[in-house]
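*Asks:* In order, the protein sequences belong to chains A and B. Residues 73 to 604 in the numbering used here are what the first sequence spells out, letter by letter. Residues 27 to 141 in the numbering used here are what the second sequence spells out, letter by letter.
Note that these hints are calculated values from the structure, not bench results. Please read these numbers as outputs of a predicted model, since none were measured by experiment. Each hint should be verified, as a subset may be incorrect.
Claimed, not checked - Straight-line alpha carbon distances no greater than 16 Å define the calculated EDC-like cross-link-like pairs of lysine to aspartate or glutamate that follow: (1) A:Lys247 / B:Glu84; (2) B:Lys86 / A:Glu81; (3) A:Lys78 / B:Asp79; (4) A:Lys295 / A:Glu399; (5) A:Lys293 / A:Asp361.
Stated by the list, open to error - A few chain B positions that, by computed beta-carbon distances, are all more than 10 Å from chain A: (6) Glu87; (7) Ser102; (8) Phe113; (9) Ile119; (10) Leu125; (11) Ala126; (12) Leu131; (13) Tyr132; (14) Lys133; (15) Lys135.
We put the beta carbon where it would ideally sit given N, CA and C, even for glycine.
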Amino acid sequence: MKFSLKNIELIILAILYLFALYMWTLPIQGNGLPFGDVDASSHYTIGDYMVTHDKSIAKLPYYIGFRYGTQNSAFPGHIWYPPQYWTNTGIAQILGGDRIVSVFIVIAIFSTLIILSVYFLIRNLFGFWPAFLSSLLLIFSTRDYMVYLFGQWPQSLSFAFTPLVLYSFYAYYMKFKGGDRKNIYLYLIAVFLAAQFFFHPQGMMASIGALLVFIIAMWVKTKRIPFDIKHSLFAFLLFAAVSSALAPLSIGEFFIELVGGEDEQAAGMRLDLLFKWYQGIKNDPGLPDFYFTYNNSHGTLTGGLISWWTLPLLLIGIIALISRRSEKDWILLGWLISFYFLTRLSVIGFGSRDIRMFAYEAHVFYPIIALGLITLYSFAQRGNLKLAIKYGSIITFISLTIFINGASAYNTLNSMSNSISRINIEQYDAALWIKSNLAEDVDIYGIGTLGYQNFAAKIKWLGVLSQRHFIVDQSKIEQAGYIFLDYSDAIDLNNQDYIGGLQNFESGLQNATPIYNTNEIRIYEIDKISKK
Amino acid sequence: MKLIKSLKNNKGVSVLIVSILVFGILLILGLIGVRVLLGITILMLVPFYLILDNFKLENKEKAIFSFFIGITIFPSLVYFLGFIVPFRISILIIFLTLLAVSYFLYKHKKTKLFS
């Protein structure tokens with residue numbers, strides 16, 4: 073067996089990625105039930121439904137139509153995202169032979185692909201150590217694992233394509249500059265951008281923004297267009313053809329959103345945002361406060377002085393890039409500059425989703441932080457001392473990464489394993505019973521499940537796991553055919569008021585006999601209650 | 027094909043890396059993890075690697091590009107075929123079709139289009 077440096081690097085990369093998978097699958101290692109807030113259950117359900125019925129669907133099933141039936145403006149009642157991500161989760165279910173864990177494994181794999189794609193880009197531009205250190209730091213990226221825990225999974229995957237787009241254009245440009253042509257890279261970019269469109273257009277915007285800055289910089293630098301117009305046009309046509317052919321129900325929705333904008337009000341001309349990195353945002357309804365502080369986002373969730381440790385390296389990295397300004401430096405500068413503008417589009421009155429673009433901040437920052445470290449030790453004189461400084465710096469960097477960022481990430485990911493916010497086994501069993509025993513078009517009034525008053529994540533999960541429509545508004549109880557009375561969360565919380573409130577509700581059911589009864593969860597048929 | 031030649035040349039290392047990955051996944055996620063990871067690698071990476079093998083790209087480029095293209099194109103095709111045939115069958119048909127396409131490209135790559 074030949075152990076060349078290349079082979080050793082591959083083994084290190086395999087171990088690094090395994091470690092990433094270990095960290096990111098902590099929530100499912102001790103608990104095989106689903107997790108995820110907000111839209112998580114919706115990203116699970118279409119694939120699950122297709123596998124259950126062994127066929128693809130374009131029209132939304134009854135139970136999910138209530139939540140997402142109006143999301144696709146061009147085709148109301150139809151799937152509101154391109155089908156690729158959900159089909160992948162369905163394929164994973166079949167491959168794994170398991171309904172929940174298989175899906176969450178493929179989600180963890182997809183959500184950690186950014187670690188590999190950043191490695192690939194940075195390894196090819198700057199060498200092994202910057203790539204390794206960037207990817208190690210990314211394993212513990214708060215922004216990324218929080219997006220994963222919240223359940224915005226297609227968005228995570230979409231951003232993972234950006235380093236490939238940047239690499240492909242860089243590889244194309246370096247050939248083009250030398251008078252050579254390797255147009256395959258342009259066509260690959262077209263496919264990657266289409267993929268980003270399928271998974272989440274935010275990723276596509278990030279790639280296009282970074283490409284634009286790089287192209288402008290090279291154009292100014294060389295005073296000629298840095299690409300072949302004819303082949304770029306063909307690549308654009310390929311992108312348009314692939315996007316419209318493979319996501320026909322989503323193209324219309326994309327343009328309606330693009331032209332018509334969103335429901336939310338744009339912030340208007342806010343020039344002050346140009347001078348604040350995190351824009352002073354607090355108590356945003358869609359994003360937690362830690363999103364807008366550097367040390368919480370890129371250090372530890374508990375904060376503290378030590379959690380700022382990467383900031384000086386980031387600044388050194390930026391200074392190094394600006395002072396060198398080579399083509400490869402411009403790739404990272406382009407990514408950084410476009411990130412700056414894309415996170416403050418509201419300055420020019422364009423939409424209000426720009427702060428959500430902060431989701432990919434770590435992808436841009438961490439390679440620059442790693443380069444900052446390389447810049448620092450590159451100042452050392454030659455000889456043994458230089459080697460000692462180099463490896464000393466690297467060991468210090470790895471230690472800080474693991475013991476500061478890593479410890480925080482481990483605590484958060486591990487704590488999700490037994491979170492009350494997740495479906496418990498009693499709820500899952502009840503959902504399976506409903507799926508097998510009740511008609512597909514029934515409405516079920518759910519009461520008692522944690523957060524049911526606000527139709528929070530758990531009640532949504534109950535809906536998708538049972539593939540039935542749950543309602544929580546008591547004024548609509550007459551519409552329902554069944555009552556789902558759930559004591560399990562109140563018992564787990566040992567909250568007597570909570571339990572008492574549910575008992576009070578149940579006493580009004582005129583001693584009806586439940587059709588499903590596990591003591592913690594009971595299901596009543598409303599017709600049978602009325603007849604008594 | 028180049029993939030097979032490359033695997034033969036680095037047989038020991040290839041086996042070692044695959045073993046590390048499979049054993050690691052088995053430890054972390056059990057048999058389901060191995061099935062999912064190997065399954066998506068075989069279904070989605072291999073056919074596109076073989077297709078990209080017909081173009082002048084480096085091995086590392088083919089490896090990473092094929093996986094990312096695979097997780098995009100493979101489910102797209104499965105989804106559309108899944109309207110006509112059962113979803114599970116469509117996975118198999120698309121996999122075999124992509125292998126056939128890669129073989130066709132390999133056989134015809136000396137034509138003008140791929141030279």
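*Asks:* Work down the list of hints and note, for each, if the structure agrees.
*Replies:* Checked hints:
A C-alpha spacing of about 14 Å is found between A:Lys247 and B:Glu84, which places the hinted pair at or below 16 Å, so the restraint holds. Note on B:Lys86 and A:Glu81: the hinted pairing holds, with a Cα-Cα distance of about 12 Å set against a maximum of 16 Å. Among the hinted pairs, A:Lys78 with B:Asp79 is inconsistent with the structure: their alpha-carbon atoms are about 20 Å apart, more than 16 Å. For the given pair, A:Lys295 sits about 14 Å from A:Glu399 by alpha-carbon distance, which is consistent with the 16 Å threshold.
Only pairs whose Cα atoms come within 16 Å are accepted, and A:Lys293 paired with A:Asp361 is rejected, the gap being roughly 40 Å. The beta carbon of B:Glu87 sits about 8 Å from the closest Cβ of chain A, which is not more than 10 Å, so the claim that it is off the interface is violated. Against chain A, the non-interface label of B:Ser102 is violated: not every CB pair exceeds 10 Å, the least being about 4 Å. Residue-level check failed: B:Phe113 sits 5 Å from the nearest beta carbon of chain A, not beyond 10 Å.
Taking the minimum C-beta to C-beta distance to chain A, about 13 Å, the non-interface status of B:Ile119 holds against the 10 Å cut. With a cut of 10 Å on Cβ distances, B:Leu125 stays outside the contact zone with chain A, its closest approach being about 16 Å. For B:Ala126, the non-interface assignment is confirmed: its Cβ lies about 20 Å from the closest Cβ of chain A, beyond the 10 Å cut-off. Remark: the non-interface label on B:Leu131 is consistent with the geometry, its nearest Cβ contact in chain A lying 13 Å away (cut-off 10 Å).
The Cβ of B:Tyr132 lies farther than 10 Å from every Cβ of chain A, with a closest approach of about 16 Å, so its non-interface assignment holds. No beta-carbon of chain A comes within 10 Å of the beta-carbon of B:Lys133; the shortest separation is about 20 Å. Even its closest Cβ contact with chain A, about 13 Å, leaves B:Lys135 beyond 10 Å, as expected for a residue assigned away from the interface.
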